[in-house]
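Chains as they are written, first to last, in the working numbering: chain L, 736 to 1002; chain R, 17 to 108.
FYI, nobody ran anything at the bench for these hints, they're computed from the structure. Note that CB positions come from ideal geometry on N, CA and C, so glycine has one too. Take the hints with a grain of salt, since some may be wrong.
Below are the BS3-like pairs computed for lysine-lysine, each with C-alpha atoms no more than 30 Å apart in a straight line [stated by the list, open to error]: (1) L:Lys972 - R:Lys92; (2) L:Lys977 - L:Lys864; (3) L:Lys884 - L:Lys977; (4) R:Lys20 - L:Lys853; (5) R:Lys34 - L:Lys972; (6) L:Lys965 - L:Lys802; (7) L:Lys884 - R:Lys92; (8) R:Lys92 - L:Lys863; (9) R:Lys34 - L:Lys971; (10) L:Lys977 - R:Lys20; (11) R:Lys92 - L:Lys965; (12) L:Lys891 - R:Lys92; (13) L:Lys802 - L:Lys996; (14) L:Lys996 - L:Lys971; (15) L:Lys982 - R:Lys20; (16) R:Lys20 - L:Lys971; (17) L:Lys802 - L:Lys977; (18) R:Lys20 - R:Lys34; (19) R:Lys92 - L:Lys864; (20) L:Lys990 - L:Lys977; (21) L:Lys965 - R:Lys34.
Computed footprint of chain R on chain L, listed as stretches where at least three residues anywhere in the stretch have a Cβ under 8 Å from a Cβ of chain R [what the hints assert, rightly or not]: (22) 879–893; (23) 930–937; (24) 952–964.
Take a look at the letters that make up each chain.
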Amino acid sequence: MPYIEPHAHMVSRTTADYEAMAIAGCEVICEPAFWAGFDRSSPQGFHDYYRQLTEYEPARAAKFGIKHYCWLCINPKEAEDAGFAREVMAIIPDFIDAPTVLGIGEIGLNKNTVSELKIFEEHVELAKKYDLPILIHTPHLEDKLKGTKLILDALKNANVDPSRVIVDHVEEHTAGLVLDAGFWAGMTLYPESKCTPARAIDMLENFGMENIWMNSACDWGVSDPLAVPKCIQEMKKRQLAKDLVHKVVYENPVKFLSQSKNFKVDG
Amino acid sequence: MPNKEDILDLYFMDARCKLIDIAAFLDRLDRHEGNTDFRYEGFNQALNAMQNPGAVPRAQAVLEALSDHTEEPIPKATIQGAFGAPRLEINN
């Protein structure tokens, strides 16, 4: 079945992973800017990273017939030093007109600090200035509930159109908060710290099939670039109709991502 | 939609395996020297939440039991990672 991987960190993956994803039916990969497992020491490091996201990965994906898009930001794990974060944010406009940039992301919170929140708010203003959609990372584990609430409050204060924002890594205790406020929700199939295929399907049963997608968020950690097609298999076991599966793994991502002027599924 | 028997067919063995793993994990902690910490306390609170979830589904109750319920941003991060259970002396 064709599917879209709306959140994957391919800079950390092998070319063999691209091949496996293509064979599994992946047509589009979207890659948010993130923490690469270590703190970069200079804004120049991010300049190189943004070049990798906007130039190198689209070419690597194209060899397997996959379209590659990206989101730009400085991730919250490296936003504790607000001065450093602002230096990095100053170079983002140099890349915003690249043809595969979707919007600002994955911004958000990590440890729910004052500085992280300030930089998050400044990213939201950047997105508003350039009229771009937003992809949001919510914190891990014990920090997720509090971080999600802080993020939703900040978005409401910023008067952002919730239909242009996806709040990712939701779990059972945050999905309702996000969807009830009118935002899109992303479920991440990253079993140790986020959710399993079975739980993702439970959330679909409990919260419905609208304004929701699923992704692998595969990166440098213990993660699976084939998590979405494996969840498709799980949805078949759970007797979900084929058109509903297609809606969740293809139509919903297309609907949200099409709010970015650069996103073209057939281009 | 699958019925209850279908769900048991699909997930009982997997859940049984995970349940025994949890029991063995608790036995392992009992058997070894030293002290537990806030994670063990959080784990036990989550087990209780699973059995007594109140008005919310069990998975939500467990996740909430393992969450930081403070409301204000903290002044500064002292770590980049997370533990899986709230450690209030670090979070505040």
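Checked hints:
1. Under the criterion of a C-alpha separation no larger than 30 Å, the hint pairing Lys972 (chain L) with Lys92 (chain R) is inconsistent with the structure, at around 46 Å.
2. A C-alpha spacing of about 40 Å is found between Lys977 (chain L) and Lys864 (chain L), which places the hinted pair above 30 Å, so the restraint is violated.
3. A C-alpha spacing of about 34 Å is found between Lys884 (chain L) and Lys977 (chain L), which places the hinted pair above 30 Å, so the restraint is violated.
4. At most 30 Å may separate the alpha-carbon atoms for a hinted pair to count; Lys20 (chain R) and Lys853 (chain L) exceed this at roughly 48 Å.
5. Distance check on the hinted pair: Lys34 (chain R) and Lys972 (chain L) sit about 20 Å apart at the alpha-carbon level, within 30 Å; holds.
6. Only pairs whose Cα atoms come within 30 Å are accepted, and Lys965 (chain L) paired with Lys802 (chain L) is accepted, the gap being roughly 21 Å.
7. Straight-line distance between C-alpha atoms of Lys884 (chain L) and Lys92 (chain R) comes to about 18 Å, which keeps the hinted pair within the 30 Å bound.
8. Taken as a hint, the Lys92 (chain R) and Lys863 (chain L) pair is honoured in the structure, with Cα atoms around 27 Å apart against an allowance of 30 Å.
9. At most 30 Å may separate the alpha-carbon atoms for a hinted pair to count; Lys34 (chain R) and Lys971 (chain L) meet this at roughly 23 Å.
10. Between the alpha carbons of Lys977 (chain L) and Lys20 (chain R) the distance comes to roughly 21 Å, so the proposed pair stays at or under 30 Å and holds.
11. As the CA atoms of Lys92 (chain R) and Lys965 (chain L) are separated by approximately 39 Å, the hinted pair breaks the 30 Å bound.
12. Annotation: proposed proximity of Lys891 (chain L) to Lys92 (chain R) holds, straight-line Cα distance about 24 Å (limit 30 Å).
13. About 15 Å separates the Cα atoms of Lys802 (chain L) and Lys996 (chain L), which keeps this hinted pair within 30 Å; it holds.
14. Between Lys996 (chain L) and Lys971 (chain L) the CA atoms are separated by roughly 33 Å; this puts the pair beyond 30 Å, and the hint is violated.
15. Of the pairs offered as hints, the one joining Lys982 (chain L) and Lys20 (chain R) holds, with about 25 Å between alpha carbons and a cut-off of 30 Å not exceeded.
16. Taken as a hint, the Lys20 (chain R) and Lys971 (chain L) pair is honoured in the structure, with Cα atoms around 17 Å apart against an allowance of 30 Å.
17. Between the alpha carbons of Lys802 (chain L) and Lys977 (chain L) the distance comes to roughly 24 Å, so the proposed pair stays at or under 30 Å and holds.
18. About 19 Å separates the Cα atoms of Lys20 (chain R) and Lys34 (chain R), which keeps this hinted pair within 30 Å; it holds.
19. Between Lys92 (chain R) and Lys864 (chain L), the direct Cα distance comes to roughly 28 Å. Compliance with the 30 Å bound is thereby established for this hinted pair.
20. Taking the CA atoms of Lys990 (chain L) and Lys977 (chain L), the gap is near 18 Å; set against the 30 Å cutoff, the hint holds.
21. For the given pair, Lys965 (chain L) sits about 20 Å from Lys34 (chain R) by alpha-carbon distance, which is consistent with the 30 Å threshold.
22. Look at the stretch 879–893 of chain L against chain R: 5 of its residues bring a Cβ nearer than 8 Å to a Cβ of that chain, three or more, so the hint holds.
23. Given a C-beta distance limit of less than 8 Å, the hint that chain R covers the stretch 930–937 of chain L holds, as 3 residues qualify and 3 suffice.
24. With a cut-off of 8 Å between beta carbons, the stretch 952–964 of chain L has 0 residues touching chain R; three or more are needed, and the interface restraint is violated.
Violated hints for the displayed structure, listed by number in ascending order: 1, 2, 3, 4, 11, 14, 24.
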